[in-house]
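A.B. asks: Sequence:
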Amino acid sequence: MTGDEWAWKFLRLNPGYRRDYELLQNQPALLTNPGKRHFYQWRDSEWFEKAKEFDVRYFSLNGKVLGPRCEWPHVAPLTLRKFLEANPDTDQSGLRVRDFDSTRLYGIGDWFDPSEPDLPKLGKEQSWFFLLTEPIFAVGKPFFAGRESVWKVSPRGNRISVGYTGQAKLIESPVVYGQIESYNDRGERAISFGRIDNLPKRRVLEVRDNGGKLVRSIDAPTITPFQLTGFARESEMAFAVSLDGHIKPQLRANQEAARHFQELMCRASSLHVENYAPTDPEPQVLPFQPNRAVAIPFGVIRTALSDLAREPASAWQNWHVVLIDVAYSLPQQLKAVEKQLQFLQQRLRSSKRLANPIRQRAGTTNRQEFWLKRALCMLELQLGLPKRANSPTGADRIANAIYDQTDPYHKAIWGESGWKQCPNRPAPESEKFKDALRTGIDLVMHQYTFLIGAAPTDLVADAELA
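Residue numbering for the sequence shown follows this note's numbering, beginning at 1 and increasing consecutively.
No lab work stands behind these hints, which were simulated from the structure alone.
Since the structure is predicted, the reported quantities are computational estimates derived from the model, not experimental observations.
Hints are supplied without guarantee of correctness; some may be wrong.
[As the list claims (entries may be wrong)] Using 30 Å as the maximum straight-line C-alpha spacing, the simulated BS3-like pairs for lysine-lysine come out as follows:
hint : residue 1 : residue 2
1    : K82       : K36
2    : K432      : K248
3    : K141      : K169
4    : K432      : K387
5    : K248      : K169
6    : K124      : K373
7    : K36       : K64
8    : K373      : K432
9    : K213      : K248
10   : K121      : K152
11   : K420      : K434
12   : K352      : K420
13   : K339      : K124
14   : K432      : K352
15   : K152      : K169
16   : K124      : K213
17   : K52       : K64
18   : K248      : K434
19   : K387      : K420
20   : K411      : K432
21   : K339      : K373
22   : K64       : K50
23   : K50       : K82
Could you build the full structure based on these sequences and the hints that come with them?
C.D. replies: As structure tokens, then:
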């Protein structure tokens, strides 16, 4: 299976996702009034008193969903009234009726029924998690247009962007903008920016007779070459990568955009790609900090990332912006970029600054011991077997049920006949189970995002994953 298919296998077991899906299906009509979205519209009102009896997760405070933390595998229900009573110092001016945004909270394009084991099938290179791998980029050539989005209808009837189709293209601007240098009637020099046509022109030639009378003149606009912010050359491209996700799929998506841009530049500008030029530019990798507007000069990317960096931030906090030049070999540059980003990701992991800390994967590449299957099986067994008091079933308890024929839950795992040839429980197996169960819980709670966009070969070969 692809990484997206595996990601859903774990996300559907996420207690927060399951609770949110249930809340959305049963949302009270009282909370759907668009005129009651903000606290200032309903404080001290009868409406607010009624709203306090609803689940606290229908509300957000300063952009963050309210409610207690998930205690695996449960989400404790709590009313808004009880939450406010338990937190009397809460500044209620930041209260809002919450928008159920599945993309911002969980990275998936819409709310899918968690009781369904699989997502609806899509075409090749399409994904219900597309917004987690969709390229965010800008190029130095004005009026470059990327490929068009592919839209699919989800089971809930919403149109979801799931990928791209067609080819990228250059669009000739019908209007030329630029810096205009002109002179007014008094001969004073003036600088302006705007449309080149229908604006004052600069006197470029003037002929006068001996008496100083103007005999002939030529006026023309003087245009400073249009330069996009942050780029030194038209062939440069900048794109964003989140270190809180799997790096390779993000680079693949941006490599495709860069390849299209390179092809268009070769056709439109007679660009000659230098594969092994000694002056190959070293690609730049710059950290993005949304609270510092000067951190990144690329306005388009800064705008897009500033929006993504808003609360709630369950992921995607550690963005970096990469600058490459399509006038040079793309594979060489992207290989260097991947190496830099993996080093930075490792450093963030070591300093515990990743939004979703990456765990080394469990298991081996052996087909019979595939690490994701082992983690999922352990997780499903934990959720399926009777729980101990105040805690979910542990790996040791599951191991006993697997190996001990006298265990009361042995047949619940293997069926009525049981596993007749099962050996006594080997110690290494118990340790494998513990590690697989920890990995499975981590994948369910947040690390499924590291699977998004991964090809089956990535899941086997990439030791940095999960």
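A.B. asks: Indicate, hint by hint, whether the structure satisfies it.
C.D. replies: So, going through the hints one by one against the coordinates:
no., hint, result
1, K82 with K36, "holds, 21 Å"
2, K432 with K248, "holds, 27 Å"
3, K141 with K169, "holds, 11 Å"
4, K432 with K387, "holds, 21 Å"
5, K248 with K169, "holds, 25 Å"
6, K124 with K373, "holds, 23 Å"
7, K36 with K64, "holds, 18 Å"
8, K373 with K432, "holds, 13 Å"
9, K213 with K248, "violated, 71 Å"
10, K121 with K152, "holds, 11 Å"
11, K420 with K434, "holds, 24 Å"
12, K352 with K420, "violated, 46 Å"
13, K339 with K124, "holds, 28 Å"
14, K432 with K352, "holds, 25 Å"
15, K152 with K169, "holds, 23 Å"
16, K124 with K213, "violated, 74 Å"
17, K52 with K64, "holds, 17 Å"
18, K248 with K434, "holds, 28 Å"
19, K387 with K420, "holds, 25 Å"
20, K411 with K432, "holds, 22 Å"
21, K339 with K373, "holds, 29 Å"
22, K64 with K50, "holds, 22 Å"
23, K50 with K82, "holds, 13 Å"
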